[in-house]
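Q: Take these sequences, add in the hints, and give me the full structure.
Going by the numbering used here, the sequence shown opens with residue 14, and the numbers climb by one from there.
Take these hints with a grain of salt, some might be off.
Label-pair ranges, simulated between beta-carbon atoms [to be verified]: (1) LEU377 x LEU230: 15 to 21 Å; (2) GLU413 x PRO146: 39 to 45 Å; (3) ALA113 x ARG19: 45 to 51 Å; (4) PRO77 x ALA404: 46 to 52 Å.
Just so you know, these hints were derived from the structure itself, not from any lab. C-beta: ideal position from N, C-alpha, C; glycine also.
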Amino acid sequence: MRSGHRLGRRFGWFWAAYGTSALGTWLAFGAFPLIAVQVLHAGPAEVAALSSVGAAVGAAVAVPLGPWTEFRRKRQVLIAMDLMRFAALLTVPAAFALGALTFLQLLLVSVVVAAADITFRAASGAYLKNLLPAEDLLVANARFESTAWTITIVGPPLGGAAIGLLGPVATVVADAVSHLLSALGIRATGGHEPRPERRKAARVRAGDLLDGWRYILSDTALRPLFFNTVLFNGLVMAVQPLLAVQMLGQLGFAPWQYGLAFAAPSIGGLLGSRLARPLVTRFGQHRVLVAAGSLRAVWPIGLAFLGPGTGGLLLVIGVEFGLILCCGVFNPVHATYRLHRIVTDRVTRTLTAWAVTTKATTALLTALWGVLGSLLGPRTAVGLAGALLLATPLLLRRREEALPAEPKPARNRA
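A: What follows is the structure, given as structure tokens:
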């Protein structure tokens, strides 16, 4: 590692751009449903479509962008995706000011933002791998993780206050501006990025769309990790609506108690992200990955025993703290391990396939658990998800495997 873990000016700008964009997103969290209800008088089905349909269609749109992005300079792609989100989001306050805002526009903007977000995240992984040496990737990913949890703690309260004072449209403006500032920050990273080798075929072929999945499924280390993370994330997110129904409805928790139950444990993410590098230094990357990935699966089953009152509130806070602490360790180690295993000329396509599958699986499992919650009751459905999560560590390989050989870099034709 570099002395003092100084990752340089270019990473500093990239890190600042990430934090600015993430803060804007959290400030506007929940703004679209509020606009749909308060301004457009949308019903429950339309509000649900904003998150489910928008995310699903956005993920589908992002699929062909993976191969397209792979063979372009990633910094240019990152700036383009930020500007795309800035322009799309800015149409909402513009249309609102003109009295021309429609539900269809909100839905289209959510699709564009979802697709741009997936593409940005995939390109940022490839850019980070080119920006820093391999030994610095864990420090960088731990800083991103720490920033993400910090913003998760402070963003929603600030966003709620802004919505209360200025209305939800104002927070959409803040989100748009954050992406513009992010684009400027990424541009300020400067430096030379080599042009990726161009393929013989200039156009993206239909078969290219599956390259990311082919690469994941052919790698004996990535394949089980892929199924583990997709299933884990999907099951954890699937029970969130059921917990809201159970806590706010059946058990009579106040909204502030519900918010506290899921905001306060985010401190565990900060702690976990700071523990990631020391743990890897002492025990090794693969052992920490398997241990944290296994420990995070044991917590959610506790939510099946949720009851009313202070005891129930403390139970949720304790379970969520343990879960988020383990995720805070696992996430940066997982992100680093994944970048180490994926060869440079496949990073964007592979990360795009990973993100698209995660979003699609989460949407599917959320819908399925909604049905199970109606048939079996929220408590039983939450317990079933917790029981299935206990099996997810079986997908983690206990044996460490050698890294794949990187292809020889092509001569730069730029």
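Q: Each hint needs a verdict: does it hold in this structure or not?
A: Hint-by-hint comparison with the structure:
1. LEU377 x LEU230: 15 to 21 Å: Since LEU377 and LEU230 have Cβ atoms about 19 Å apart, the given range 15 to 21 Å holds.
2. GLU413 x PRO146: 39 to 45 Å: violated, 21 Å
3. ALA113 x ARG19: 45 to 51 Å: holds, 50 Å
4. PRO77 x ALA404: 46 to 52 Å: At roughly 34 Å between Cβ atoms, ALA404 and PRO77 fall outside 46 to 52 Å, so the hint is violated.
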